[in-house]
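Sequences listed follow chains A and B, in order. Be aware that the first sequence starts at 1, since it is given in our numbering, and climbs by one per residue. Be aware that the second sequence starts at 213, since it is given in our numbering, and climbs by one per residue.
Calculated directly from the structure, the hints in this document are not laboratory data. Quick caveat, the model's predicted, so the values are computed rather than measured. Note that the Cβ used here is the ideal one computed from N, Cα and C, for glycine as well. Some clues are possibly wrong.
Between beta-carbon pairs, the in silico distance windows are [unchecked claim]: (1) A:A115 to B:L324: 52 to 60 Å; (2) B:A401 to A:K130: 30 to 38 Å; (3) A:F108 to B:S400: 33 to 41 Å.
With a straight-line Cα cutoff of 27 Å, these simulated DSSO-like cross-link-like pairs (lysine-lysine) come out [said to hold, decoys possible]: (4) A:K129 to A:K98; (5) B:K379 to A:K98; (6) A:K139 to B:K379; (7) B:K391 to A:K130; (8) A:K65 to B:K379; (9) A:K98 to B:K391.
Not the full set, but computed from the structure, chain A residues with beta-carbon under 10 Å of chain B [as the list claims (entries may be wrong)]: (10) S54; (11) D71; (12) L88.
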Amino acid sequence: MGIIELQNVSYADGDQTIIHHVDLSVSAGDSLTISGPSGCGKSTLLKLIASLISPTSGTISFNGKNQTAYDYPTYRQQVSYCFQQPTLFDNSVRDNLKLPFQIRSVPFDEARIGALLELVDLPLTFLDKKVIDLSGGEKQRIALIRNLVFPPQVLLLDEVTVGLDTRSKTIVQALIKNVQEQTTTVIQVTHDETEIAAATHLIEMRQGALQK
Amino acid sequence: MNQLLVNNVTLVFAFALVLVAMLISYREKLGLNKDILLSILRAIIQLTLIGYVLKYIFKINNVFLTILMCLFIIFNAAWNAYKRNPNTNRNYWETFAALFVSTTVTLGIIMLTGSLKFIPSQVIPITGMIASNSMVAVGLCYRNLQSQFRDQRQQILEKLALGAPIKLAAITILRESIKTAMQPTIDSAKTMGLVSLPGMMSGLIFAGVDPVSAIRYQILVTFMLLSTTSLGAIIAGYLAYRRYFNKRQQLLTQE
Ligand SMILES: Nc1ncnc2c1ncn2[C@@H]1O[C@H](COP(=O)(O)OP(=O)(O)OP(=O)(O)O)[C@@H](O)[C@H]1O
Ligand SMILES: [Mg+2]
Numbered sequence: 001m002g003i004i005e006l007q008n009v010s011y012a013d014g015d016q017t018i019i020h021h022v023d024l025s026v027s028a029g030d031s032l033t034i035s036g037p038s039g040c041g042k043s044t045l046l047k048l049i050a051s052l053i054s055p056t057s058g059t060i061s062f063n064g065k066n067q068t069a070y071d072y073p074t075y076r077q078q079v080s081y082c083f084q085q086p087t088l089f090d091n092s093v094r095d096n097l098k099l100p101f102q103i104r105s106v107p108f109d110e111a112r113i114g115a116l117l118e119l120v121d122l123p124l125t126f127l128d129k130k131v132i133d134l135s136g137g138e139k140q141r142i143a144l145i146r147n148l149v150f151p152p153q154v155l156l157l158d159e160v161t162v163g164l165d166t167r168s169k170t171i172v173q174a175l176i177k178n179v180q181e182q183t184t185t186v187i188q189v190t191h192d193e194t195e196i197a198a199a200t201h202l203i204e205m206r207q208g209a210l211q212k
Numbered sequence: 213m214n215q216l217l218v219n220n221v222t223l224v225f226a227f228a229l230v231l232v233a234m235l236i237s238y239r240e241k242l243g244l245n246k247d248i249l250l251s252i253l254r255a256i257i258q259l260t261l262i263g264y265v266l267k268y269i270f271k272i273n274n275v276f277l278t279i280l281m282c283l284f285i286i287f288n289a290a291w292n293a294y295k296r297n298p299n300t301n302r303n304y305w306e307t308f309a310a311l312f313v314s315t316t317v318t319l320g321i322i323m324l325t326g327s328l329k330f331i332p333s334q335v336i337p338i339t340g341m342i343a344s345n346s347m348v349a350v351g352l353c354y355r356n357l358q359s360q361f362r363d364q365r366q367q368i369l370e371k372l373a374l375g376a377p378i379k380l381a382a383i384t385i386l387r388e389s390i391k392t393a394m395q396p397t398i399d400s401a402k403t404m405g406l407v408s409l410p411g412m413m414s415g416l417i418f419a420g421v422d423p424v425s426a427i428r429y430q431i432l433v434t435f436m437l438l439s440t441t442s443l444g445a446i447i448a449g450y451l452a453y454r455r456y457f458n459k460r461q462q463l464l465t466q467e
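For reference, chain A alone in the conformation it holds in the complex (with noise of 0.2 Å):
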């Protein structure tokens, strides 16, 4: 039983059908890349894990137990997605980086921002930076840790590392493997060909079907 069970979902929009009858188990603790051509439904099948669309037809299960069982945002702070290309939203680097503690309803911890910024390689004096002056790796990587404040169970990645500067590129993809190692289960998406050459369980992906 893996900790994340999709059963015959597919995922339709209007009369257009974008995932088509997938099947797919990972086990906990697991590191799973998906890769694919442009348009396959890769995104679309990581927002059907993070409850962000529902499927059209078929289950999704989280522990054992039906995605509709849980109350969702409980179940997001679980299972957590990092968008294609993030936005930053409100005003400032500490806006961003609040919310998934408001979100807890649990007091700022600066100390444990400060340790995750410097994990991506960033001063703590970011956080009162304007989110409308940071570079996109800046942005790319303040994203990701947003999502790791609290470690998810189940974290899912959209192409995070793509349009980043080698440099950046390292760094991300050194944190991507430091959550793996702390039990968290991964499930990526990439087109890139070092990040393909180097996962563990790589799945194709061909016009919203996953390849056996």
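Based on the hints, put chain B with the ligands in the right spot on chain A.
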């Protein structure tokens, strides 16, 4: 009291003013002529009708009828505000609740202070005045919610993905919309007396009341409008933002 007279002949001459608007619309190709004609036609018919209705209601001075008339005003104000909501997933009774509560609470407080008596000639015009201001505020709040839910769509999704409940995901948008809805009332309060001598005060002065007493009424009205627009916008906003999400706390797609 002064002699206040607008007879039918003066009204016909005053129609020239409408022609000015129509001429501008025609010359500038605004395409508003039909709209202008329709609007004045509606205004004439509605006002004439209501003139007779009010005359009747004031004469028989019945509590039940007065309440009915106020409800009718609130019902219509709610209908108009409801139609201004661009979200296709909307609900009339939520708008009605916003208009009803904001209007009755304000009226209630004013009546408790004793500045307003429960007689039709006082309650009905005041209900109309505050309900129409609440209507404008609620409409503004709806429009703002819609444009923000469109522009900030990705931000809301990011917050939901991090596990925020819908209220936390939408709170910045909600606050912004309520603020925008109240802004005109606050702005007009700031310029009151300097730029405009508002309707209530002008009316009293017209009717020969001493300007200093008229001002007291206007201050009262300003208080009422602040209360009713803030209540209306807050209730409408808090009920309306939910309708951008489904039961699974997912953001609905807008067509
Ligand atoms: N909200 C939506 N409404 C309608 N169609 C959508 C929606 N989201 C995605 N699609 C369509 O579904 C298909 C799969 O999209 P998806 O974003 O999952 O692809 P992808 O594999 O992540 O591609 P890429 O590698 O370019 O990110 C595409 O044809 C896309 O146009
Ligand atoms: Mg994608």
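State the violated hints by number, sorted upward, taking the hints as numbered earlier in the document.
none
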